[in-house]
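There are 2 protein chains.
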Amino acid sequence: MQDVVLGIDIGGTGIKFGLVTRTGEILVTDKVKTKGYPNPEKLPEDLLKWATKACSDHQVTLVGVGIGTPNGNYYKGTIDFAPNLPWKGVVTLKSFFESTFKLPAALTNDAKAAAIGEMYFGGAKGMKDFLFITLGTGLGSGIVVNGQIAYGFDSLAGEVGHTIVYRNGRECPCGRRGCLEQYVSAPGIVKTYYELLRSKNLDEFRTSIGNMIDSAELCKLAEDGDTLALEAFQKTGEILGFALSNSACYTRPEKIFLFGGLAQAGDLIFKPTIKSFESYLLPIYQNKIPIVPSGLKESEAAILGSASLIWNELNK
Amino acid sequence: MQDVVLGIDIGGTGIKFGLVTRTGEILVTDKVKTKGYPNPEKLPEDLLKWATKACSDHQVTLVGVGIGTPNGNYYKGTIDFAPNLPWKGVVTLKSFFESTFKLPAALTNDAKAAAIGEMYFGGAKGMKDFLFITLGTGLGSGIVVNGQIAYGFDSLAGEVGHTIVYRNGRECPCGRRGCLEQYVSAPGIVKTYYELLRSKNLDEFRTSIGNMIDSAELCKLAEDGDTLALEAFQKTGEILGFALSNSACYTRPEKIFLFGGLAQAGDLIFKPTIKSFESYLLPIYQNKIPIVPSGLKESEAAILGSASLIWNELNK
Chain D
145 MQDVVLGIDI
155 GGTGIKFGLV
165 TRTGEILVTD
175 KVKTKGYPNP
185 EKLPEDLLKW
195 ATKACSDHQV
205 TLVGVGIGTP
215 NGNYYKGTID
225 FAPNLPWKGV
235 VTLKSFFEST
245 FKLPAALTND
255 AKAAAIGEMY
265 FGGAKGMKDF
275 LFITLGTGLG
285 SGIVVNGQIA
295 YGFDSLAGEV
305 GHTIVYRNGR
315 ECPCGRRGCL
325 EQYVSAPGIV
335 KTYYELLRSK
345 NLDEFRTSIG
355 NMIDSAELCK
365 LAEDGDTLAL
375 EAFQKTGEIL
385 GFALSNSACY
395 TRPEKIFLFG
405 GLAQAGDLIF
415 KPTIKSFESY
425 LLPIYQNKIP
435 IVPSGLKESE
445 AAILGSASLI
455 WNELNK
Chain B
145 MQDVVLGIDI
155 GGTGIKFGLV
165 TRTGEILVTD
175 KVKTKGYPNP
185 EKLPEDLLKW
195 ATKACSDHQV
205 TLVGVGIGTP
215 NGNYYKGTID
225 FAPNLPWKGV
235 VTLKSFFEST
245 FKLPAALTND
255 AKAAAIGEMY
265 FGGAKGMKDF
275 LFITLGTGLG
285 SGIVVNGQIA
295 YGFDSLAGEV
305 GHTIVYRNGR
315 ECPCGRRGCL
325 EQYVSAPGIV
335 KTYYELLRSK
345 NLDEFRTSIG
355 NMIDSAELCK
365 LAEDGDTLAL
375 EAFQKTGEIL
385 GFALSNSACY
395 TRPEKIFLFG
405 GLAQAGDLIF
415 KPTIKSFESY
425 LLPIYQNKIP
435 IVPSGLKESE
445 AAILGSASLI
455 WNELNK
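Protein sequence lines, in the order shown, are assigned to chains D and B.
For what it's worth, the working numbering labels the leading residue of the first sequence as 145, then goes sequentially.
For what it's worth, the working numbering labels the leading residue of the second sequence as 145, then goes sequentially.
In short, the hints are calculated from the structure, not lab data.
Fair warning: there could be bad hints in the mix.
Copies of the same chain look alike in the list, so a pair counts if it works inside one copy or between any two.
[Stated by the list, open to error] Heads up, simulated SDA-like pairs for lysine to any residue below, C-alpha to C-alpha not over 25 Å straight-line:
#1 Lys-179 - Thr-196
#2 Lys-186 - Asp-411
#3 Lys-379 - Tyr-310
#4 Lys-460 - Gln-292
#5 Lys-419 - Cys-318
#6 Lys-186 - Asp-370
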């Protein structure tokens, strides 16, 4: 029988999971609501029932469990103080799964899991050094160096979204000012759009359509040629390109992958980002580091990322 | 007989070399002038004669050659377009040494060699993730991730000195503006001092002692309580602390080591750097990442670094 792993992606709203083969084929998926699990120990029990039936249906053998989660700590196998999850404090989720499944499990934060997914099943196959950036409600990152994720001393490396791009810039919930993700993320670009409206005294005029706008609608506006929406993408790309030109100085990635909602705006975000990146880039790197869309499908990335995390452990 | 390696440090003025044991003991050293070698192929020949005699004198066996050099490319074993060396274009120095010595050789840039030296023989023994910064005529860096130097795709990773800290800042010979090393380096702090003099209209007054000042003299001035010299250290530390707070977001080092002339100013540079670092640092890292002086002696670091590079290869 073919070996598979259970890939689990934990989010604030939903928990998605699926059986994934060694080559990245997703055999079956399902999801549950996060708020249905006020007690996290119940989750492995229910998923074991699901996986047992799914493995039997597909005639495959389960060999491990990979978990991608906000605030996941790879070294400890815990979720630490996740503000968007119902579980408070430190949750030893990896050990809950290992003792329920009697199988190896691994846990990391969602952006790092997605970066490993890119390396196993996406556009970074065979790459030893690359940078993976996910642009969603925040800016997450996974940095791969010498073929391994950079976890750092305490598993909390890879916080590119919290590098400071403006010393006295926008306030960030982290307590500081000017963090990259305050500008380059779905809420960040919307904030930039409203700043532009205000600076042109168009605020009142646009309020009727404006108050409800999100980054997807902003994208539509820009595609329809709205000058200010286009300017918001321009500015966002300019800041991202600048930040990535500094990122390149650390680990000299072969490529930089952009993933997530904002990356799906295509040329609207890629063109100004690449232009700015090249203009700020150290000459020895110029025209040598492509910034490209992730090779993972948006709908599959989370489960593939979590699955690749445990495949990576099993391959060690 | 005990095994030793030949560690070689190539600089613009001099080439230093020595025999180093596996535990980091330097048995004997010597040096030659760089300009004495307009033809780089002559260097391995002369060093072989020297090493053969030195090994015989000390009753040891030579097992490898490590080379630290400006513009050293680890993957290719070459020195590429080094502006401060008499050798133009690309010099295949590693292969010259291997064919002359009939032994394994390895070559990398000097800052990366020193970082490996820190890991083998200095303050980073046993560490898997740390950042090594050398403050001299420029700002060099070696980034260790998962126990390995980050070379990146083309061996040119670790250019922390060329991260941009002021978008329209001082001109850098790299062709851009605002690079960290234009502020945080021996010439950088001197420039800051002169800017302060000018801003206070003290330029003319100080020119008599000022035109010849270097960073060591600036250090003496500051130790004697000179307000502007102290302010120059303050500003330099402030910028370095800010830059390192962003560095921490990439690889979350266990410690950050400062090496080189400017680091020898002690509290004058460490105090403002640490204060600024902590004030800009992401809260999850605060008070957890010590910035400390290198554990290598200034006089031994270059040879120990080059030696550790080849010991590291031989240990693989």
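How the hints compare with the structure:
1. Lys-179 - Thr-196: Within. Shortest intra-copy distance 23 Å satisfies the 25 Å Cα cut-off; inter-copy 73 Å does not.
2. Lys-186 - Asp-411: Neither: 44 Å inside a chain and 54 Å across chains, both beyond 25 Å.
3. Lys-379 - Tyr-310: So Lys-379 and Tyr-310 pass the 25 Å test inside a copy (13 Å) and across (18 Å) alike.
4. Lys-460 - Gln-292: For Lys-460 and Gln-292, the Cα distance is within 25 Å both inside one copy (11 Å) and across copies (17 Å).
5. Lys-419 - Cys-318: between (30 Å within a copy, 19 Å between copies)
6. Lys-186 - Asp-370: neither (49 Å within a copy, 66 Å between copies)
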